[in-house]
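A.B. asks: The opening position of the sequence shown corresponds to residue 1 in our numbering, with each subsequent residue numbered one higher.
FYI, nobody ran anything at the bench for these hints, they're computed from the structure.
Cross-link-like lysine to any residue pairs, in silico, SDA-like; alpha carbons within 20 Å at most:
| no. | residue 1 | residue 2 |
| --- | --- | --- |
| 1 | K243 | A286 |
| 2 | K70 | V136 |
| 3 | K109 | K283 |
| 4 | K331 | P63 |
| 5 | K289 | D273 |
| 6 | K246 | S296 |
Pairwise CB distance ranges, derived in the manner of DEER restraints:
| no. | residue 1 | residue 2 | range |
| --- | --- | --- | --- |
| 7 | H219 | L188 | 37 to 45 Å |
| 8 | I62 | P111 | 56 to 64 Å |
| 9 | E284 | L188 | 17 to 25 Å |
| 10 | S73 | H303 | 32 to 40 Å |
| 11 | S163 | I107 | 36 to 44 Å |
Here a beta-carbon is modelled for each residue, glycine too, at the ideal position from N, C-alpha and C.
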Amino acid sequence: ASPMPRGGTAAITAAMMHLVPRSRTSESEDEESESSSSEESEDEATSLSGKAAIVKKLKREIPGYCGQMKILSTRTAIQWWRNNPSRLIFFAAMAVGALVLAMQDAIVKSPPWDAMCYVNTHTCVGLLVSIYCLQVFGENQPVFWRERNRGLNVAAYENAKTSLNNADIIMQTFLFAAIYYAIRGLQLGFFVFWIPYLLVAFAASGWGYAISAWIPYTHGPFVASLIMFVVCGLLGNPFNLAKFLKSPLTESVVSVMSITRWSIPMSFWLYVDTNHPTPEEGKEEAIYKQYTASMSEGMWAEHLGGYWYAGLEALLVYGVLLRIVAYLGLKFKNRDKQV
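Using the sequences plus the hints, can you model the full thing?
C.D. replies: Below, the structure written as structure tokens:
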């Protein structure tokens with residue numbers, strides 16, 4: 001065989017030397033790609049664990065009734081304090097109402113036992129209190145819908161709002177009863193005189209809560225005024241009460257619906273039993289006998305323990321049932337408007 005030329009040997013050596021670094025470079029590139037892919041998988045795992053941790057942090061436990069009641073009571077107290085200017089308007093209305101009715105009865109010289117005086121005063125208290133209570137659930141309804149959709153305890157919300165509102169009701173009825181009592185100079189204890197007004201306010205506030213929970217806020221004052229006219233001024237009128245209480249059916253309807261059917265006998269018989277009035281002969285005596293006859297009709301009061309305890313029990317149950325109606329409205333009404 002002929003010897004290979006020097007130039008051919010050099011070319012082969014150069015080609016071999018050129019292939020060696022290429023193989024090393026490809027090996028290093030493979031190692032780098034493997035390391036980068038492992039780093040990416042580690043980063044992806046880290047990011048997934050980080051998201052899970054964030055989701056876990058965001059997923060909080062909703063407090064129960066007691067926990068929410070504490071939070072909502074604090075918030076309601078702050079809101080209550082900020083509403084002092086609007087609250088003073090209703091206190092002024094209560095004072096003016098008591099002053100006007102007391103001056104009217106004094107000018108026309110109505111006897112203190114006149115049941116129509118109690119019809120006017122109880123209806124006035126019921127009307128003003130029911131309208132005042134419309135704002136408890138009627139204002140900021142979109143905020144309530146949003147909170148209800150996020151786990152708000154409706155029972156805690158209702159109790160927190162109504163509990164503090166009871167302070168306003170007590171003060172308003174105290175102011176009304178005190179002004180009327182002082183101007184009229186009634187001969188009986190003030191606090192026992194005040195109790196029927198408290199019961200009227202408790203029942204009427206239930207109407208305010210129920211109306212604001214079920215009916216749009218803009219229509220609330222009209223509906224509240226209409227209902228108070230019927231359940232206080234119309235059904236509890238002593239001139240009509242005797243006719244209503246003679247029939248078991250109408251007695252049941254009036255006893256369930258009317259507030260003053262229970263409160264007026266409480267105030268009337270309280271004064272009569274305390275002072276034993278002697279009306280003048282003639283028209284005044286005839287009216288007095290008509291009052292006593294109408295207040296004695298019916299069987300419900302007798303079965304419930306007499307006029308005082310019957311009125312106490314009936315109006316407390318009346319107010320509680322209306323608060324349950326308000327709760328149902330808050331719980332189930334406008335669920336399609338939750339945001």
